[in-house]
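Listed here are the chains, written in short residue letters.
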Amino acid sequence: MSEKEVKNLEEIFEARIARDEKIEPKDWMPEKYRQTHIRQISQHAHSEIVGMLPEGNWITRAPSLRRKAALLAKVQDEAGHGLYLYSACETLGISRNELYDQLHSGKAKYSSIFNYPTITWADIGAIGWLVDGAAIINQVPLCNTSFGPYARAMVRVCKEESFHQRQGYEIMLTLCNGTPEQKAMAQDALNRWWWPSLMMFGPTDAESVHTAQSMKWKLKRKTNDELRQQFIDQTVPQADILGISIPDPDLKFNKETGHYDFGAIDWDEFWQVVKGHGPCNKERMNARVSAWENGEWVRDAAMAYAEKQSKKKVAQAS
Amino acid sequence: MDKNWPIWEVFVRSKNGLEHRHFGSLHAADAEMALENARDVYTRRNEGVSIWVVESKYITASNPEDNGELFEPAQDKVYRHPTFYNLPDEVKHM
Numbered sequence: 067m068s069e070k071e072v073k074n075l076e077e078i079f080e081a082r083i084a085r086d087e088k089i090e091p092k093d094w095m096p097e098k099y100r101q102t103h104i105r106q107i108s109q110h111a112h113s114e115i116v117g118m119l120p121e122g123n124w125i126t127r128a129p130s131l132r133r134k135a136a137l138l139a140k141v142q143d144e145a146g147h148g149l150y151l152y153s154a155c156e157t158l159g160i161s162r163n164e165l166y167d168q169l170h171s172g173k174a175k176y177s178s179i180f181n182y183p184t185i186t187w188a189d190i191g192a193i194g195w196l197v198d199g200a201a202i203i204n205q206v207p208l209c210n211t212s213f214g215p216y217a218r219a220m221v222r223v224c225k226e227e228s229f230h231q232r233q234g235y236e237i238m239l240t241l242c243n244g245t246p247e248q249k250a251m252a253q254d255a256l257n258r259w260w261w262p263s264l265m266m267f268g269p270t271d272a273e274s275v276h277t278a279q280s281m282k283w284k285l286k287r288k289t290n291d292e293l294r295q296q297f298i299d300q301t302v303p304q305a306d307i308l309g310i311s312i313p314d315p316d317l318k319f320n321k322e323t324g325h326y327d328f329g330a331i332d333w334d335e336f337w338q339v340v341k342g343h344g345p346c347n348k349e350r351m352n353a354r355v356s357a358w359e360n361g362e363w364v365r366d367a368a369m370a371y372a373e374k375q376s377k378k379k380v381a382q383a384s
Numbered sequence: 062m063d064k065n066w067p068i069w070e071v072f073v074r075s076k077n078g079l080e081h082r083h084f085g086s087l088h089a090a091d092a093e094m095a096l097e098n099a100r101d102v103y104t105r106r107n108e109g110v111s112i113w114v115v116e117s118k119y120i121t122a123s124n125p126e127d128n129g130e131l132f133e134p135a136q137d138k139v140y141r142h143p144t145f146y147n148l149p150d151e152v153k154h155m
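One line per chain: the protein sequences are V and L, in this order. As numbered in our numbering, residues 67 to 384 make up the first sequence, in order. As numbered in our numbering, residues 62 to 155 make up the second sequence, in order.
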């Protein structure tokens with residue numbers, strides 16, 4: 067294809083997106099659109115998969131059968147979300163194994179929030195309430211994104227996500243209505259998860275390198291700062307109901323703007339964790355890689371069994 | 062031998078009376094495992110009463126580049142639609 071022909075196709079493509087048409091896997095798309103989507107969708111899938119690890123830590127120690135069943139179901143949902151997203155990503159012409167390789171080699175990123183440890187049961191409450199709450203705000207606009215398979219996966223994910231947040235908030239509520247020690251545990255979890263949750267929306271708009279292009283492709287419909295503000299505005303009253311306080315001395319409702327003003331985010335910490343120096347980066351990757359490597363013989367055996375069965379069928383038929 | 066599990070497409074009937082609809086895809090070593098995985102991945106909340114799985118390589122798809130010759134001819138055949146025919150208002154139930 068000549069440069070002029072590509073340019074022409076690009077114009078038709080951008081016009082389709084501007085008209086809110088969906089792009090499907092076999093449609094022509096600019097290489098950059100394909101690469102950006104592989105990056106974002108796989109990063110999203112990896113986050114779901116790695117996100118199972120901090121919570122999995124508490125399945126065997128959940129305080130009651132009710133909590134245990136809910137946590138198991140939630141972690142299973144995360145696995146499902148990862149799988150919806152991997153399969154959406156594979157429609158762009160990358161294999162599942164390549165995606166795993168990118169995660170395991172550190173080439174692909176996942177949400178840095180999962181590099182923090184879950185040291186008490188209250189952390190499971192805080193994750194559901196804050197981390198899933200932030201994820202919902204990030205994800206809802208993606209239900210309308212331009213790439214069809216991604217949008218469809220997100221519709222399914224968003225439907226399931228609201229149970230996650232409610233189960234987390236219920237855990238917090240129970241702790242806050244419990245003994246002083248339990249309430250202190252809830253406060254401690256909020257203290258540790260608040261700032262990392264704000265970081266989940268990504269760098270400030272001024273620093274975000276992908277925002278402009280992503281807005282154009284409807285991979286983003288609101289900027290990082292807008293989404294972060296929305297999260298703060300909706301979460302502060304929820305903390306008030308719990309009777310615990312957000313660990314930010316500068317947090318204050320601004321009557322003029324109708325929003326909460328908040329203190330400075332420690333972006334050095336964010337970049338440290340992104341670059342692999344968070345409290346649990348190594349532990350998370352070791353868990354992933356060893357699960358993959360130790361499971362190899364099982365995958366191979368399943369494949370060998372499948373081949374044997376299909377040969378048997380052929381033999382019987384002839 | 063390719064040791065990677067192949068991709069399967071999953072179709073789910075959400076309730077009797079409705080058709081199976083494409084839900085997504087997954088990897089599995091064989092058809093039986095594909096069904097089991099489809100049940101866990103796509104029907105955790107009563108989304109279905111019946112599942113079909115088919116290995117993706119067996120699906121032949123039309124190419125969007127051929128959309129012109131495939132689908133445009135239908136656009137100028139307005140006589141296939143009832144509104145193409147002019148009848149007086151007095152004619153009822155037609």
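These are computed hints drawn from the structure, not numbers from a lab. A virtual CB, placed ideally from N, CA and C, is assigned to each residue, including glycine. Take these hints with a grain of salt, some might be off.
[As the list claims (entries may be wrong)] Some chain V residues judged to face chain L by a derived CB distance under 8 Å, without partners named: (1) LYS92; (2) GLY146; (3) LEU149; (4) ARG162; (5) ASN163; (6) GLU164; (7) ASP167; (8) HIS170; (9) GLU359; (10) GLY361; (11) TRP363; (12) ARG365; (13) MET369; (14) TYR371; (15) ALA372.
[Claimed, not checked] So the derived label-pair ranges between C-beta atoms look like this: (16) TYR140/L to HIS170/V: 35 to 41 Å; (17) GLU130/L to ARG132/V: 45 to 51 Å; (18) VAL221/V to GLU130/L: 42 to 48 Å; (19) ILE307/V to ASN77/L: 20 to 26 Å; (20) ALA330/V to ILE120/L: 51 to 57 Å; (21) VAL355/V to ASP127/L: 39 to 45 Å; (22) TYR140/L to GLU273/V: 55 to 61 Å.
Now for the hints, and whether the structure bears them out:
no.: 1; hint: LYS92; in the structure: holds, 5 Å
no.: 2; hint: GLY146; in the structure: holds, 5 Å
no.: 3; hint: LEU149; in the structure: holds, 5 Å
no.: 4; hint: ARG162; in the structure: holds, 6 Å
no.: 5; hint: ASN163; in the structure: holds, 6 Å
no.: 6; hint: GLU164; in the structure: violated, 11 Å
no.: 7; hint: ASP167; in the structure: violated, 12 Å
no.: 8; hint: HIS170; in the structure: violated, 15 Å
no.: 9; hint: GLU359; in the structure: violated, 14 Å
no.: 10; hint: GLY361; in the structure: violated, 12 Å
no.: 11; hint: TRP363; in the structure: violated, 11 Å
no.: 12; hint: ARG365; in the structure: holds, 7 Å
no.: 13; hint: MET369; in the structure: holds, 5 Å
no.: 14; hint: TYR371; in the structure: holds, 7 Å
no.: 15; hint: ALA372; in the structure: holds, 4 Å
no.: 16; hint: TYR140/L to HIS170/V: 35 to 41 Å; in the structure: violated, 60 Å
no.: 17; hint: GLU130/L to ARG132/V: 45 to 51 Å; in the structure: violated, 60 Å
no.: 18; hint: VAL221/V to GLU130/L: 42 to 48 Å; in the structure: violated, 33 Å
no.: 19; hint: ILE307/V to ASN77/L: 20 to 26 Å; in the structure: violated, 44 Å
no.: 20; hint: ALA330/V to ILE120/L: 51 to 57 Å; in the structure: holds, 53 Å
no.: 21; hint: VAL355/V to ASP127/L: 39 to 45 Å; in the structure: holds, 44 Å
no.: 22; hint: TYR140/L to GLU273/V: 55 to 61 Å; in the structure: holds, 60 Å
In this structure, the earlier hints numbered 6, 7, 8, 9, 10, 11, 16, 17, 18, 19 are contradicted, and the remaining ones agree with it.
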